[in-house]
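Engineer: Turn these sequences into a full structure, and let the hints steer you where they fit.
These protein sequences, in sequence, are chains X and E.
With our numbering, the residue at position 27 of the first sequence is 27, and numbering never jumps.
For our numbering, add 584 to where a residue sits in the second sequence, where the first one is 1.
If you're looking for bench data, these hints aren't it; they were derived computationally from the structure.
One or more of the hints may lead you astray.
Claimed, not checked - Listed below are several chain E residues computed to face chain X (Cβ distance under 8 Å; list not exhaustive):
1. E619
2. S632
3. E633
4. A634
5. S638
6. F642
To be verified - List of simulated lysine to aspartate or glutamate pairs, EDC-like, C-alpha gap at most 16 Å:
7. E:K651 to E:E696
8. X:K182 to E:D714
9. X:K148 to X:D211
10. X:K571 to E:E696
11. X:K182 to E:E619
12. X:K128 to E:D714
13. X:K175 to X:E44
14. X:K182 to X:E220
Just so you know, even glycine gets a beta-carbon here, dropped at the ideal spot from N, CA and C.
Below are the chains, spelled out letter by letter.
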Amino acid sequence: MINLKINNIPVSVKEGTTILNAAKQNNIKIPTLCNYPDLHINSECRVCVVEIEGRKGLVTSCSTQVREGMKIITNSPRVINARKTITELILTNHDSNCNACAKNMNCELQNLSNILGIDQARFPSVLKMEPIDDHNPALVRNPNRCIKCGRCIDVCKNIQTTNILEIMGRGQSMKITPAYGKYLSDESCTFCGQCASVCPVGAILEKDETDKVWDALHDERKRTIVQVAPAVRVSLGEELGLKAGSIVTGKIATALRLLGFDDVFDTDFTADLTIIEEGNELIKRVTEGGTLPMLTSCCPGWISFAETYYPEILPNLSTCKSPQQMFGALAKGYYAEKIGWDPENLFVVSIMPCTAKKYEAQRPEMRHDGKHPDVDVALTVRELGKLIRQMGIDFESLPDSEFDNPFGITTGAAAIFGTTGGVMEAALRTVYEVVNKKPLEKLDFTDVRGLKGFKETTVNLGGADVKVAVVHTLANARVIAEQIKAGTSPYAFIEVMTCPGGCIGGGGQPYGTTTEVRQKRLEAIYKVDGKMVIRKSHENPAITKLYEEYLIEPLGHLSHEYLHTHYHQRKKQKPKHKNVMATY
Amino acid sequence: MLLDKILEKYPQQEDSLLEILLAFQDAKINHFISEDEVRQIASYLHISEAKVCSVLSFYTFFRTENKGKHVIQVCGGVPCHVESDFNVAKTLEKELGIKVNETTENQQFTLEYTSCIGLCDEAPAMRIDDKVYTKLTPNKIKAILAEYRVYM
Ligand code: SF4
Ligand code: SF4
Ligand code: SF4
Ligand code: FES
Numbered sequence: 001m002i003n004l005k006i007n008n009i010p011v012s013v014k015e016g017t018t019i020l021n022a023a024k025q026n027n028i029k030i031p032t033l034c035n036y037p038d039l040h041i042n043s044e045c046r047v048c049v050v051e052i053e054g055r056k057g058l059v060t061s062c063s064t065q066v067r068e069g070m071k072i073i074t075n076s077p078r079v080i081n082a083r084k085t086i087t088e089l090i091l092t093n094h095d096s097n098c099n100a101c102a103k104n105m106n107c108e109l110q111n112l113s114n115i116l117g118i119d120q121a122r123f124p125s126v127l128k129m130e131p132i133d134d135h136n137p138a139l140v141r142n143p144n145r146c147i148k149c150g151r152c153i154d155v156c157k158n159i160q161t162t163n164i165l166e167i168m169g170r171g172q173s174m175k176i177t178p179a180y181g182k183y184l185s186d187e188s189c190t191f192c193g194q195c196a197s198v199c200p201v202g203a204i205l206e207k208d209e210t211d212k213v214w215d216a217l218h219d220e221r222k223r224t225i226v227q228v229a230p231a232v233r234v235s236l237g238e239e240l241g242l243k244a245g246s247i248v249t250g251k252i253a254t255a256l257r258l259l260g261f262d263d264v265f266d267t268d269f270t271a272d273l274t275i276i277e278e279g280n281e282l283i284k285r286v287t288e289g290g291t292l293p294m295l296t297s298c299c300p301g302w303i304s305f306a307e308t309y310y311p312e313i314l315p316n317l318s319t320c321k322s323p324q325q326m327f328g329a330l331a332k333g334y335y336a337e338k339i340g341w342d343p344e345n346l347f348v349v350s351i352m353p354c355t356a357k358k359y360e361a362q363r364p365e366m367r368h369d370g371k372h373p374d375v376d377v378a379l380t381v382r383e384l385g386k387l388i389r390q391m392g393i394d395f396e397s398l399p400d401s402e403f404d405n406p407f408g409i410t411t412g413a414a415a416i417f418g419t420t421g422g423v424m425e426a427a428l429r430t431v432y433e434v435v436n437k438k439p440l441e442k443l444d445f446t447d448v449r450g451l452k453g454f455k456e457t458t459v460n461l462g463g464a465d466v467k468v469a470v471v472h473t474l475a476n477a478r479v480i481a482e483q484i485k486a487g488t489s490p491y492a493f494i495e496v497m498t499c500p501g502g503c504i505g506g507g508g509q510p511y512g513t514t515t516e517v518r519q520k521r522l523e524a525i526y527k528v529d530g531k532m533v534i535r536k537s538h539e540n541p542a543i544t545k546l547y548e549e550y551l552i553e554p555l556g557h558l559s560h561e562y563l564h565t566h567y568h569q570r571k572k573q574k575p576k577h578k579n580v581m582a583t584y
Numbered sequence: 585m586l587l588d589k590i591l592e593k594y595p596q597q598e599d600s601l602l603e604i605l606l607a608f609q610d611a612k613i614n615h616f617i618s619e620d621e622v623r624q625i626a627s628y629l630h631i632s633e634a635k636v637c638s639v640l641s642f643y644t645f646f647r648t649e650n651k652g653k654h655v656i657q658v659c660g661g662v663p664c665h666v667e668s669d670f671n672v673a674k675t676l677e678k679e680l681g682i683k684v685n686e687t688t689e690n691q692q693f694t695l696e697y698t699s700c701i702g703l704c705d706e707a708p709a710m711r712i713d714d715k716v717y718t719k720l721t722p723n724k725i726k727a728i729l730a731e732y733r734v735y736m
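Structural biologist: Below, the structure written as structure tokens:
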């Protein structure tokens with residue numbers, strides 16, 4: 001333990017602790033701007049400066065470790081003035097039009113200005129306005145709001161290994177952009193939205209589609225159908241003021257009805273369906289000698305990563321569409337037929353933890369009739385929060401209600417899709433029982449649970465031990481992709497999720513997602529699973545009925561039409577004027 | 585290919601980036617690194633193009649366009665032509681020994697047209713890098729160029 005004094009109060013903390021954390025542990029607040037719990041950013045903003053007795057200059061508390069006997073002052077007039085000036089200078093290069101910004105009341109720069117008591121613009125603006133990049137279906141990058149903290153670079157480079165955003169230039173004219181200041185859509189961006197998730201200001205946001213949803217809800221001719229992804233029920237609460245890890249499944253169903261949706265369904269239903277199709281696909285590949293390891297395909301960020309960076313392994317991807325898209329196809333195909341409704345007048349909205357789902361919904365393959373998108377709009381959890389606030393709904397006091405039938409009957413296996421390891425566990429619960437023709441003794445596959453980046457386990461299927469793995473973040477996805485390329489992958493089946501923690505840590509989740517918050521959402525998801533009456537997808541009676549009534553058999557003709565897809569090598573956009581030698 | 589030959593000499597790791605860029609720009613005839621070449625370097629080193637661009641943009645001695653040290657933009661707006669009894673572009677072409685959209689052999693000047701500079705009342709006008717010059721005459725142009733040649 002290291003003994004030191006902060007603001008004359010003796011404290012002792014573990015060796016290696018930063019001054020910032022030492023202060024926090026002792027309830028002394030030091031304002032920060034670039035610092036973020038899970039990232040590696042050092043001294044970009046200098047807002048966190050403090051004074052150390054015996055040292056001339058101020059030091060950044062987020063990157064300086066405590067030493068024995070240090071005497072630190074966090075709130076001298078000099079420190080407070082310095083912080084204020086630093087922040088005021090940041091503001092001179094920032095488009096502070098807070099009322100017209102989606103980050104209003106949720107912005108770290110705004111909050112900081114408030115804490116520091118900034119109530120006037122002391123220095124004139126030096127901002128040179130630049131064009132906004134909204135040329136893709138998922139994200140909007142507004143460089144005029146960027147404060148160059150470097151968080152987006154760190155996630156994109158070190159967690160996702162895509163390194164799309166970088167520092168360009170230096171000094172006054174320094175910018176954070178893709179190569180040559182191009183659009184995100186011109187680069188190999190996966191639209192995972194992790195950059196948007198950590199951006200302290202409104203410089204990277206999801207593309208807002210709430211207007212489209214309001215229009216459809218108020219259009220007399222349209223029947224509006226909504227589906228809710230597994231991870232949303234353990235996170236929407238945060239967006240509306242509840243504690244991290246609150247389970248709000250019943251309140252979501254009620255809120256969606258109040259918003260005016262005609263059918264309130266659950267993506268968990270098609271998660272169960274995914275398990276049946278994907279499980280059978282796996283069994284088929286193993287028994288008939290198909291391409292192995294088979295890779296899960298429910299995460300669109302991962303799909304575009306594979307399509308761009310590892311086209312060699314596309315045959316390894318399961319051909320199953322994601323639950324979102326299986327749902328869309330069934331809603332506009334099977335369900336429209338069943339209720340006798342013209343699919344042109346069905347409007348399908350999905351509530352997703354994800355920004356890449358917006359991109360997925362727009363993919364041309366995701367139109368089973370070849371014309372209309374199966375999912376019209378994918379909203380993030382944050383956008384649903386916005387709808388609920390706009391509607392004046394007091395979310396906390398809402399009573400619970402159930403999802404509608406038939407796509408509302410679901411299992412615990414589907415619920416855990418929302419976290420890393422969940423798809424694997426759900427698949428194993430089904431594949432084990434189908435192959436071994438006996439019930440599982442223990443449903444919990446604890447080896448594949450938790451936030452570890454690379455997990456593996458072995459299951460006995462039909463007398464043979466089969467190895468499976470679970471990875472999340474694209475850095476780990478790269479590891480398994482390289483193994484497959486090199487022919488050294490020891491696994492038969494691998495679950496891949498783009499976001500840290502899987503969808504509970506998705507790019508469309510409420511702001512402030514840290515490891516601590518992910519852990520709480522994850523625990524909540526397993527709680528949901530534990531409380532379900534049915535916990536295996538193949539025991540979902542509504543799924544059985546769907547096969548009897550319509551699909552007939554897994555991997556059958558209709559399954560192929562509605563539930564499966566194919567993948568393409570995705571090349572970088574070619575620069576318009578030159579010959580390209582793309583080697584990606 | 586020149587770039588292939590240079591790349592071969594370096595290990596495929598990010599640390600080599602700066603050296604590769606320096607060696608290549610130096611060896612290439614018109615001394616600039618194009619977008620395709622950035623792509624090729626990135627792919628050789630297994631890093632992103634953004635990373636290569638970031639390094640290129642950090643150091644002022646790298647050039648990413650086939651352009652001279654100074655870019656001279658001649659206003660293509662109507663008043664600049666009507667107001668003058670001489671032609672700014674023609675004068676510059678003669679002085680520099682190049683045509684519009686070309687770069688002098690010593691990589692000092694690139695000449696190009698631009699849309700209206702917005703100083704029509706002081707026509708004719710031209711811009712060199714960030715600086716605007718107005719009410720041009722042939723002699724004024726000569727003097728300005730001389731200044732750039734000597735001091736900048
Ligand atoms: S969306 Fe993901 S891949 Fe694209 S720039 Fe952001 S972090 Fe990088
Ligand atoms: S875009 Fe956001 S996260 Fe990225 S550097 Fe700018 S302010 Fe920081
Ligand atoms: S892990 Fe989930 S939230 Fe993240 S990109 Fe994939 S599907 Fe979207
Ligand atoms: S928070 Fe410490 S330098 Fe930005």
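Engineer: Tell me the hint numbers this structure goes against, listed in increasing order.
Structural biologist: Violated: hints 8, 9, 10 and 14.
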